[in-house]
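Asker: Line by line, the protein sequences give chains H and R. Those letters in the first sequence? Residues 1 to 328, per UniProt numbering, in order. Those letters in the second sequence? Residues 1 to 655, per UniProt numbering, in order.
Calculated directly from the structure, the hints in this document are not laboratory data. Some hints could be false.
As the list claims (entries may be wrong) - Far from chain H by the CB rule (all over 12 angstroms, computed), these chain R residues:
#	residue
1	I41
2	D51
3	T59
4	T129
5	G207
6	S324
7	V377
8	R469
Said to hold, decoys possible - Below, a list of computed lysine-lysine pairs in the DSS-like style, where the Cα atoms sit at most 30 angstroms apart:
#	chain 1	residue 1	chain 2	residue 2
9	R	K92	R	K121
10	R	K645	H	K143
11	R	K381	H	K159
12	H	K150	R	K43
13	R	K277	R	K211
14	R	K43	H	K231
15	H	K231	H	K150
16	R	K226	R	K257
17	H	K142	R	K373
18	H	K231	H	K204
19	R	K218	R	K208
20	R	K161	R	K257
21	H	K142	R	K257
22	R	K70	H	K122
23	R	K218	R	K257
24	R	K320	R	K257
25	R	K300	R	K328
26	R	K300	R	K376
27	R	K376	R	K424
28	R	K604	R	K545
29	R	K277	R	K170
30	H	K143	R	K424
31	R	K645	R	K579
32	R	K545	R	K628
33	R	K70	R	K103
34	H	K191	R	K43
35	H	K143	R	K376
36	H	K142	R	K218
37	R	K320	R	K161
38	H	K302	H	K258
Backbone N, C-alpha and C define an ideal beta-carbon position, used for all residues, glycine too.
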Amino acid sequence: MATNLVRLLESSIRSNNAGVASRTLRVFSSQQQQSEQSVEDDEEFRVLNLRTVKQQARKRVIKKEVAPPPRTTHMPVDQDWTAVWSGPRSFHPASVPLPLRQGYTERGAAAPSKYANAELMKIPNFLHLTPPAIRQQCEAIKKFCTPWPKGLESEATWKAIFPVEVVTTDYCHSLPTIRHPEARRVTITLKLTDLKFDAHAKDKFLRLVGDRYNQETGVLTFVADRCPTRKQNYDYALYLLTACYHESFITEPWEDSKSEADMEVYLFERNKAKVSAEAILNWNATGEKQAPSATYADSVEKLINEGENEYNIAKYKEEVLKMLKIAI
Amino acid sequence: MYLTRQLRQLPRSRLTRHIASGNGPHYTTAAPQPAAEHIEIPKRIERSPTDLLQALASTVGRDATAPHYKYHDDPFLIPMSNITKRTYALSKEAGRKAANWIKEEHRELFMHQEAQPPIEKFAPSMVFTEESEVDASSLQLLVSQGELKDAVLVYNLLVQKGIEVSDALKQSLLELVCFYNNEEPLPEEYIEERWFMQNSRRRERHGKTWKDGELAEKLYAAIEPKTPQSYAALIRGMAKYLQCERAYALLQEANEKRIQLDTNTYNAIIQIVSFIKDTAEQRWQMCTSLLNQMAEQQLKPNLGTLNAVLECISTFGNFKLARSSALKVLPEFKQLGIVPSLGSYYYLLIIFCRERAPVSHVIIDILNDINGKEFKVEHPKDTYFFATAMDVCRNHLHDKALAKRVDELLHTGNNYDLIGDSFKEGIYYRNYLALLCQTESIEDFMRTYDILVPNIYIPEPGIMEEILRAIEINGAVEHVPRIWSDMVIFDHTHRESLLLYVLRIMVDNRPNPELPAQQQLPEQCANVAWDMYNKIEESAKRIKKVSFTGQMLGDILTLLVRGNSSFDKATQVFTYIDKQQHRIPGTPADSALFEYVEASILNKAPSQALMALQYAVENNMETTPLAKRIYEGFTLSEVHLAKLKSLVGEGFLTK
Numbered sequence: 001m002a003t004n005l006v007r008l009l010e011s012s013i014r015s016n017n018a019g020v021a022s023r024t025l026r027v028f029s030s031q032q033q034q035s036e037q038s039v040e041d042d043e044e045f046r047v048l049n050l051r052t053v054k055q056q057a058r059k060r061v062i063k064k065e066v067a068p069p070p071r072t073t074h075m076p077v078d079q080d081w082t083a084v085w086s087g088p089r090s091f092h093p094a095s096v097p098l099p100l101r102q103g104y105t106e107r108g109a110a111a112p113s114k115y116a117n118a119e120l121m122k123i124p125n126f127l128h129l130t131p132p133a134i135r136q137q138c139e140a141i142k143k144f145c146t147p148w149p150k151g152l153e154s155e156a157t158w159k160a161i162f163p164v165e166v167v168t169t170d171y172c173h174s175l176p177t178i179r180h181p182e183a184r185r186v187t188i189t190l191k192l193t194d195l196k197f198d199a200h201a202k203d204k205f206l207r208l209v210g211d212r213y214n215q216e217t218g219v220l221t222f223v224a225d226r227c228p229t230r231k232q233n234y235d236y237a238l239y240l241l242t243a244c245y246h247e248s249f250i251t252e253p254w255e256d257s258k259s260e261a262d263m264e265v266y267l268f269e270r271n272k273a274k275v276s277a278e279a280i281l282n283w284n285a286t287g288e289k290q291a292p293s294a295t296y297a298d299s300v301e302k303l304i305n306e307g308e309n310e311y312n313i314a315k316y317k318e319e320v321l322k323m324l325k326i327a328i
Numbered sequence: 001m002y003l004t005r006q007l008r009q010l011p012r013s014r015l016t017r018h019i020a021s022g023n024g025p026h027y028t029t030a031a032p033q034p035a036a037e038h039i040e041i042p043k044r045i046e047r048s049p050t051d052l053l054q055a056l057a058s059t060v061g062r063d064a065t066a067p068h069y070k071y072h073d074d075p076f077l078i079p080m081s082n083i084t085k086r087t088y089a090l091s092k093e094a095g096r097k098a099a100n101w102i103k104e105e106h107r108e109l110f111m112h113q114e115a116q117p118p119i120e121k122f123a124p125s126m127v128f129t130e131e132s133e134v135d136a137s138s139l140q141l142l143v144s145q146g147e148l149k150d151a152v153l154v155y156n157l158l159v160q161k162g163i164e165v166s167d168a169l170k171q172s173l174l175e176l177v178c179f180y181n182n183e184e185p186l187p188e189e190y191i192e193e194r195w196f197m198q199n200s201r202r203r204e205r206h207g208k209t210w211k212d213g214e215l216a217e218k219l220y221a222a223i224e225p226k227t228p229q230s231y232a233a234l235i236r237g238m239a240k241y242l243q244c245e246r247a248y249a250l251l252q253e254a255n256e257k258r259i260q261l262d263t264n265t266y267n268a269i270i271q272i273v274s275f276i277k278d279t280a281e282q283r284w285q286m287c288t289s290l291l292n293q294m295a296e297q298q299l300k301p302n303l304g305t306l307n308a309v310l311e312c313i314s315t316f317g318n319f320k321l322a323r324s325s326a327l328k329v330l331p332e333f334k335q336l337g338i339v340p341s342l343g344s345y346y347y348l349l350i351i352f353c354r355e356r357a358p359v360s361h362v363i364i365d366i367l368n369d370i371n372g373k374e375f376k377v378e379h380p381k382d383t384y385f386f387a388t389a390m391d392v393c394r395n396h397l398h399d400k401a402l403a404k405r406v407d408e409l410l411h412t413g414n415n416y417d418l419i420g421d422s423f424k425e426g427i428y429y430r431n432y433l434a435l436l437c438q439t440e441s442i443e444d445f446m447r448t449y450d451i452l453v454p455n456i457y458i459p460e461p462g463i464m465e466e467i468l469r470a471i472e473i474n475g476a477v478e479h480v481p482r483i484w485s486d487m488v489i490f491d492h493t494h495r496e497s498l499l500l501y502v503l504r505i506m507v508d509n510r511p512n513p514e515l516p517a518q519q520q521l522p523e524q525c526a527n528v529a530w531d532m533y534n535k536i537e538e539s540a541k542r543i544k545k546v547s548f549t550g551q552m553l554g555d556i557l558t559l560l561v562r563g564n565s566s567f568d569k570a571t572q573v574f575t576y577i578d579k580q581q582h583r584i585p586g587t588p589a590d591s592a593l594f595e596y597v598e599a600s601i602l603n604k605a606p607s608q609a610l611m612a613l614q615y616a617v618e619n620n621m622e623t624t625p626l627a628k629r630i631y632e633g634f635t636l637s638e639v640h641l642a643k644l645k646s647l648v649g650e651g652f653l654t655k
């Protein structure tokens with residue numbers, strides 16, 4: 001009973017933290033508890049308090065705000081999803097009413113749910129590009145579109161009527177500047193067959209444009225990026241095209257001095273073979289002179305330009321026999 | 001476009017433009033030869049840089065479950081009370097302010113300009129000190145930018161250095177100073193601060209704030225000879241900041257000197273007529289004389305004149321005079337072809353719909369007039385219309401259909417921009433919800449409630465009480481759990497009247513288990529009651545304390561007993577009642593104890609039942625039915641029987 005009383009007192013004293021009462025405690029307490037008390041006293045000796053230090057304000061218990069349930073719980077089933085998720089943003093489980101799961105787990109376990117799931121936040125989502133959203137946006141910007149011109153329904157027609165293609169690129173990027181160095185680049189393409197040439201002009205044109213002409217596809221490409229703005233580059237590309245075209249029709253005086261040694265290809269017309277063939281055909285003939293046939297000329301050119309192969313030789317033989325009217 | 005134009009000039013070529021599937025626009029030039037038939041290429045439809053964005057934005061509707069887009073869409077960050085709404089929005093703006101401060105404080109770090117084209121706002125602003133080299137052109141620039149403080153500083157420097165400032169420049173500085181009363185205005189980009197600004201701060205109409213004898217008047221004195229513009233600027237400034245007597249005196253001086261003033265200056269004076277004259281008759285007389293002066297000077301009145309005259313009329317104490325003069329003014333302005341703005345209608349509403357005046361249905365005519373129209377802000381008072389109109393609908397006419405029409409008008413086009421600020425929006429929705437919950441059926445009302453609460457409007461405790469009253473009248477106890485969870489989130493749980501109301505509704509409307517919609521209700525009600533019990537116990541530690549009353553605890557007990565699985569909780573509550581019976585004022589209702597005893601019979605807990613009986617005996621309540629029920633319901637053991645007898649005496653069995 002006595003120990004009980006002591007304990008009761010002790011607890012009340014501790015709670016009151018009153019130094020005065022601790023002396024009265026000693027009167028009642030047993031030996032063992034006295035020693036305990038002295039140990040406690042030793043441990044925290046009192047400090048002489050010269051300047052009164054303000055007691056620290058009690059820590060305020062921060063009231064925790066009640067977080068509402070995720071708003072998916074009160075979304076109606078027939079809601080307008082485009083209003084909920086109107087633009088690109090990273091995934092948020094409280095706004096997406098889908099039971100999504102993603103992530104790696106041990107075999108057999110279900111993938112982690114959408115809450116606190118970094119996997120779902122990492123990947124880009126296309127929740128803002130649902131078919132209805134795209135439909136709505138297309139409807140909204142339709143008023144800025146003009147109808148497709150009549151008479152240009154097939155690709156063949158519009159390629160025939162508008163042979164020159166101009167390609168430029170606009171860039172959308174997140175930098176402080178809205179200018180992009182690549183945006184000034186202008187590419188003009190057209191088919192060589194859409195331009196009209198004679199043989200000399202064509203040859204000269206191809207020499208002028210060099211590797212801007214793709215022999216395999218027959219497409220001519222002008223890329224201009226030397227001027228600072230797109231407009232200037234576009235003008236420059238068109239100027240190049242126009243200038244090359246008109247330049248190719250001009251025959252300079254020095255072009256006539258091209259000798260047989262300067263020729264890139266063998267031409268039947270300006271060679272000895274033609275003279276010889278004519279001499280053979282017109283041997284002893286009077287009156288109208290005979291000319292060697294075009295097919296013969298062709299076969300000779302082929303034989304010399306492409307080299308001797310079985311086909312060319314056979315063809316040549318056939319033509320010679322035909323020309324000399326020798327029957328085998 | 002320029003490409004098209006360029007190509008048109010090329011000989012032998014025509015151009016069209018189409019969107020190809022590639023990475024950019026393709027332009028093709030036509031060769032004329034195969035174009036046998038004429039191909040018409042449509043002209044490009046002109047659009048401004050933002051037209052496409054606006055078209056796309058128009059496809060996005062309002063999501064009722066989402067907060068306003070200025071807040072984070074996350075349950076922990078969605079504001080759930082008016083205070084948090086304000087705090088979150090303003091702290092976001094405070095971040096912007098801090099960034100601005102850093103930019104100005106460490107200007108040397110922000111001198112580079114990487115943006116192309118340069119963004120002026122990202123560069124630190126120019127600093128002018130006493131030593132700065134200034135000339136008239138820098139003053140010109142500052143005035144055009146509206147930098148009041150710097151402009152004044154530079155002007156003073158110029159005067160010190162004796163540099164000549166042209167009269168035109170002085171005039172524009174005078175206009176700037178008069179407009180802002182030589183006080184730095186709140187920067188334009190702080191939208192949230194404007195939206196949440198305390199109503200008392202924005203109410204300038206308290207008294208004179210004009211700074212007498214300061215810069216504005218010095219500037220005015222420096223302009224020689226006086227031009228009509230300088231008179232106009234000073235008069236308007238004085239009128240705006242309520243230096244009424246001098247403004248009027250200046251007007252008379254200008255008239256004596258035969259100086260032609262403009263309409264807006266007269267408007268400013270008409271606005272302050274109520275400060276110059278005291279009685280309604282004098283005010284009206286002065287108003288008409290000012291209008292006559294305008295007519296003499298052949299000034300054409302505008303919308304500002306109409307609103308100023310109506311404002312003057314709205315201050316008349318004499319109700320009949322106000323009405324008749326308003327009716328005189330309106331047709332005259334209509335003849336002049338002036339279309340009233342929402343501000344004019346606002347004045348009409350406060351002229352016609354007064355508290356101590358006969359009921360007026362002017363709002364119906366107004367709504368017929370402006371139904372489905374889209375408005376732009378034209379007058380400062382335009383933003384007062386919607387809040388006032390809804391107030392009239394609720395307090396003056398009490399008409400649900402009208403309120404709906406006003407709401408429809410608010411949601412037409414961009415009219416929502418004219419709601420004003422958070423304060424006016426709050427008034428608007430407070431009136432709207434209060435009116436609807438009094439007049440609509442509870443189902444319809446809850447539909448509106450779901451749309452508006454909590455993201456657009458959060459009901460104050462007074463409105464919550466109105467809503468609870470509507471629920472009580474309709475006996476729609478099934479909505480109580482929903483309302484209770486809202487009350488917890490909006491922090492209304494420390495209002496004793498609201499708690500009692502919620503309990504009363506749930507106790508009085510015993511859910512009918514036969515209806516499928518109400519099968520879950522007893523459980524839910526028990527949960528609400530238990531939640532409330534815990535909340536009240538917790539609140540004992542707080543400053544805003546709610547204390548239990550016997551009635552309240554009895555209701556909680558009843559609800560817990562009605563829930564099927566909450567008998568343990570009920571026992572806990574009853575133990576609390578029993579132990580604290582000296583602290584709790586009042587006792588639970590008899591019916592609560594009786595239901596508790598019934599439940600203990602069901603749960604076969606005779607000692608709980610006897611405890612209830614003992615409590616009833618100690619508190620002098622009706623005991624006989626309780627004792628009877630206990631005796632009949634249980635097969636009591638010897639001990640229990642002895643206790644029963646000791647509590648009510650032996651005689652009750654024979655009665």
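Asker: Evaluate each hint against the coordinates.
Answerer: Do the hints match the structure? See the list:
1. I41: 5 angstroms, violated
2. D51: Its Cβ does come within 12 angstroms of chain H, the nearest being 7 angstroms, so this is violated.
3. T59: 4 angstroms, violated
4. T129: 30 angstroms, holds
5. G207: The assertion about G207 of chain R holds, with a minimum of 41 angstroms to chain H.
6. S324: Nearest chain H Cβ is 49 angstroms from S324 of chain R, so the label holds.
7. V377: 26 angstroms, holds
8. R469: About 24 angstroms separates R469 of chain R from the closest Cβ of chain H, which puts it past 12 angstroms; holds.
9. R:K92 x R:K121: Holds - the C-alpha atoms of K121 of chain R and K92 of chain R are around 19 angstroms apart, at most 30 angstroms.
10. R:K645 x H:K143: Violated. K645 of chain R to K143 of chain H sits at ~91 angstroms, over the 30 angstroms cutoff.
11. R:K381 x H:K159: 61 angstroms, violated
12. H:K150 x R:K43: 14 angstroms, holds
13. R:K277 x R:K211: 22 angstroms, holds
14. R:K43 x H:K231: 20 angstroms, holds
15. H:K231 x H:K150: It holds: about 29 angstroms lies between the C-alpha atoms, which stays within 30 angstroms.
16. R:K226 x R:K257: Holds, at roughly 10 angstroms.
17. H:K142 x R:K373: At roughly 25 angstroms apart (the allowed maximum being 30 angstroms), K373 of chain R and K142 of chain H satisfy the hint.
18. H:K231 x H:K204: Holds, because 29 angstroms separates the two Cα atoms, which is no more than 30 angstroms.
19. R:K218 x R:K208: Holds, at about 19 angstroms.
20. R:K161 x R:K257: At roughly 34 angstroms apart (the allowed maximum being 30 angstroms), K257 of chain R and K161 of chain R break the hint.
21. H:K142 x R:K257: Roughly 61 angstroms separates the two Cα atoms, so the pair is violated.
22. R:K70 x H:K122: 23 angstroms, holds
23. R:K218 x R:K257: 20 angstroms, holds
24. R:K320 x R:K257: Roughly 38 angstroms separates the two Cα atoms, so the pair is violated.
25. R:K300 x R:K328: 18 angstroms, holds
26. R:K300 x R:K376: OK: K300 of chain R and K376 of chain R at ~22 angstroms, within 30 angstroms.
27. R:K376 x R:K424: 18 angstroms, holds
28. R:K604 x R:K545: 37 angstroms, violated
29. R:K277 x R:K170: Outside the cut-off at roughly 34 angstroms; violated.
30. H:K143 x R:K424: 37 angstroms, violated
31. R:K645 x R:K579: 22 angstroms, holds
32. R:K545 x R:K628: With a Cα-Cα distance of about 39 angstroms, the restraint between K545 of chain R and K628 of chain R is violated, given a limit of 30 angstroms.
33. R:K70 x R:K103: 23 angstroms, holds
34. H:K191 x R:K43: Roughly 27 angstroms separates the two Cα atoms, so the pair holds.
35. H:K143 x R:K376: 24 angstroms, holds
36. H:K142 x R:K218: 59 angstroms, violated
37. R:K320 x R:K161: 61 angstroms, violated
38. H:K302 x H:K258: 22 angstroms, holds
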